[in-house]
Amino acid sequence: MSTNIKKRVTDIGPPHYEQFLPPIIKENYGKWKYHYFMRPGVMVHVGESGDQLYTVRAASPRLCSINTIRLFADLADEFCGGYLRFTSRNNVEFLLSEESNVEPLIERLAKEGFPVGGFGNSISNPVHTQGWIHCHSAASDASGVVKAMMDDLFEYFAEPKLPAKLRLAFACCLNMCGAVHCSDIAILGVHRRIPEINSETIRVQCEIPTTVASCPTGAIRPTNVDGKQSVEVIEEQCMFCANCYTVCPSMTLNDPEMDGLSIWVGGKVSNARTEPKFSKLAIPFIPNNPPRWPEVVDAVRNIVEVYAANAKKFERLGEWIELIGWPKFFKLTGIEFTKYHIDDFSHAGETFKRSLHFRQ
Amino acid sequence: MSEKESKTPLVDELEKGPWPSFVKEIKSIDNPKAKDLLGVLERSYEDKVGHWKHGGLVGVMGYGGGVIGRYNDLPDEFPEVAAFHTMRVNHPAGWFYTSDVLRKLCDVWEEHGSGLTNMHGSTGDIIFLGCSTEELEPTFEKLTELGFDLGGSGSCLRTPSCCNGMARCEWACYDTMGLTYDLTMEYQDELHRPPFPYKFKFKMAGCANDCVASIARADMSIIGTWKDEIQIDADAVKEYAASGDLDILEDVVSRCPTKCMSWDGQELLIDDADCVKCMHCINAMPKALAPGKDRGATILVGSKAPIIGGALLSSVMVPFLKMEPPYEDLKELVDALWELWGEHGKNRERIGEFIQRIGLGNFLDQIGLDPTPEMISQPRANPYIFYELDDEDEYEDDEDY
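If you read the protein sequences in the order shown, they are chains R and E. So the number in this note's numbering is just where the residue sits in the first sequence, counting from 1, plus 1. So the number in this note's numbering is just where the residue sits in the second sequence, counting from 1, plus 1394.
Just so you know, the hints here were simulated from the structure itself, not pulled from any lab data. Careful: at least some of the hints might be erroneous.
As the list claims (entries may be wrong) - Every beta carbon over 12 angstroms from chain R, so not counted as near; a handful from chain E, in silico:
no.	residue
1	G1411
2	S1526
3	M1571
4	E1737
5	D1759
6	Q1760
7	T1766
Claimed, not checked - The calculated lysine-lysine pairs, modelled on DSS-like cross-linking and capped at a C-alpha distance of 27 angstroms, are:
no.	chain 1	residue 1	chain 2	residue 2
8	E	K1429	R	K34
9	R	K340	R	K313
10	E	K1716	R	K32
11	E	K1716	E	K1740
12	E	K1725	R	K313
13	R	K229	R	K278
Where a beta carbon is used, it is the ideal one built from N, C-alpha and C, also for glycine.
Full structure from sequences and hints, please.
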């Protein structure tokens, strides 16, 4: 008897990238000589062969419908032989061999609502997480805050007019699915109340020992509720990291009034000039205010403008702050310095000032 | 009334403005899943909390990763997104596509899922956002027919990713896309069936500019560098000087972290023995300067985001390694790391945290690497040293006895 059962295919891995490379890239692979920016949003790579590759970078909303992906595919067919790529920061890049197609493509992209920019000393597309669109531990929405923020900061995406590149990132909780901890400006969702324990479901959903062990500060203890196994949280020891919630869904932290956003500044991943660094706390808490989070948008714009007005060419935000010192950063931005700015976790002591090297 | 009042006035607000709108994306999809997703989001904007639950083991047959189970806490009101799982689809290295393959991926996702994606997720995968439990297996079958496979999740190796390297960058000190593909294929089992105490990520960056944030986000960061002299095109240096756009003394020489450069208005000199390959001068004058010819990579280990023990950057494990197929030295190191951490790492302990717990010195001993000063920012200042008897001491003790 014949059957229709097909052999199930697994572990084939991704397709080899080579089949998706345009001819100009295959021919110049590993043999590029230099690059330059032709205009905002367009980078030109020149090969040892003399070939020129024109990359047109447009912002995508990260959350892309299949309609938009098909639109990108159509534009790639029309202007660059069907070849395109995406960047690590959710931009779409069209890979053109013909200079004459650059302006017509940019016009079409603008007409379709996908502006070009993000190269050089600009704000590129922010890295961000899922937020209320899809995440269980989100303390805020991600796409919404990013959209509101980039509508406001749009000029800095469209034109490279900052002292250096400025990388924005957004994560909707401390898990930080996205390198927000090393960004020039990071917006981070925070919870501020202890987990609410559902003693009815915890026995079914969670392993008590794993849950107890998950707490970095040892704030969770096993206990009995009505003669049944559960846990309790020592309130003073909870730092709202939500690590327990990750291993135990019966310990929720979401709260409409207590959740919100914090802002961190001065991180970078590049080794250029100075070593990579973490982002540091600028603003400990701003309440959620959908749909446009105006307080967050204003706070970010303020930091960007103070930086743009004061930093010298090539100085990343964190490099500039290290030059002027943190007291002056707080003074210039008008951001209030509080007890929350002083670290009190594992390596806190390393952040205390133990010299007289500050400005009186 | 000719027009119905919108059911989602709050999120509708985010259709306005110059930045591309994710709300328009959701609305552009004409299916009940997308409508319910928008409804759930509007509810979150009203009451300022999320409505998603995690948990539930879902996936495709034989895999322990690649699918993130996601359920809604308002299933009666929004039944279409009651089960709305994420599928992580392993992207092609460098995120290069043809229009043809993108359309085929769209067709699969139109037939089996919500029609919504992330291009891409934070680790690099194509994200198929919103799949019902029963459509997981059919979607997977269609994906493999197209030549695609799932990426990693949970305590799996996560989908390796890289900068576009030699495909479109003159600074790539090794073939990042080649290595990414090689490692991804070599470790398919680790990618699909969780073998570790917790996640493990590789990120390949072609130079110290690190466009994939490797040093901040990868358990193993492989970052391109070189050993010999920066290549200088003296005529192009003069062009930059004459252009008026760049003050070579102020913008390049004075910003060199080791002060190993000089410029007298005619000639740019670099003392390469003192250069730390930071990339600044090359970034500032791409037409005039280029990385040297003796190229390879620095291997760093241990970066991660805050959960659990605090955020870490990767630290140097091998200062310089040639990066050529079949990458035997690198894989030997990977195997040694995985064996030690797999054996002794605690549940949900990333390798960076594991190294901090047992000490870098002990870790090096165990994996058989000699300590070198490149691995530290400074030697210890604290005198509480755990001296160990070496073999010779023990031998002499035996003799005395």
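Verification of the supplied hints:
1. G1411: violated, 3 angstroms
2. S1526: holds, 14 angstroms
3. M1571: violated, 5 angstroms
4. E1737: holds, 19 angstroms
5. D1759: holds, 24 angstroms
6. Q1760: At roughly 23 angstroms from the nearest Cβ of chain R, E:Q1760 sits farther out than 12 angstroms, so the non-interface label holds.
7. T1766: holds, 18 angstroms
8. E:K1429 - R:K34: Given pair E:K1429, R:K34 is violated - Cα atoms ~49 angstroms apart, limit 27 angstroms.
9. R:K340 - R:K313: Distance of about 31 angstroms is beyond 27 angstroms: violated.
10. E:K1716 - R:K32: holds, 19 angstroms
11. E:K1716 - E:K1740: With a Cα-Cα distance of about 32 angstroms, the restraint between E:K1716 and E:K1740 is violated, given a limit of 27 angstroms.
12. E:K1725 - R:K313: violated, 43 angstroms
13. R:K229 - R:K278: violated, 47 angstroms
Comparing the model with each earlier hint shows violations of hints 1, 3, 8, 9, 11, 12, 13; every other hint is respected.
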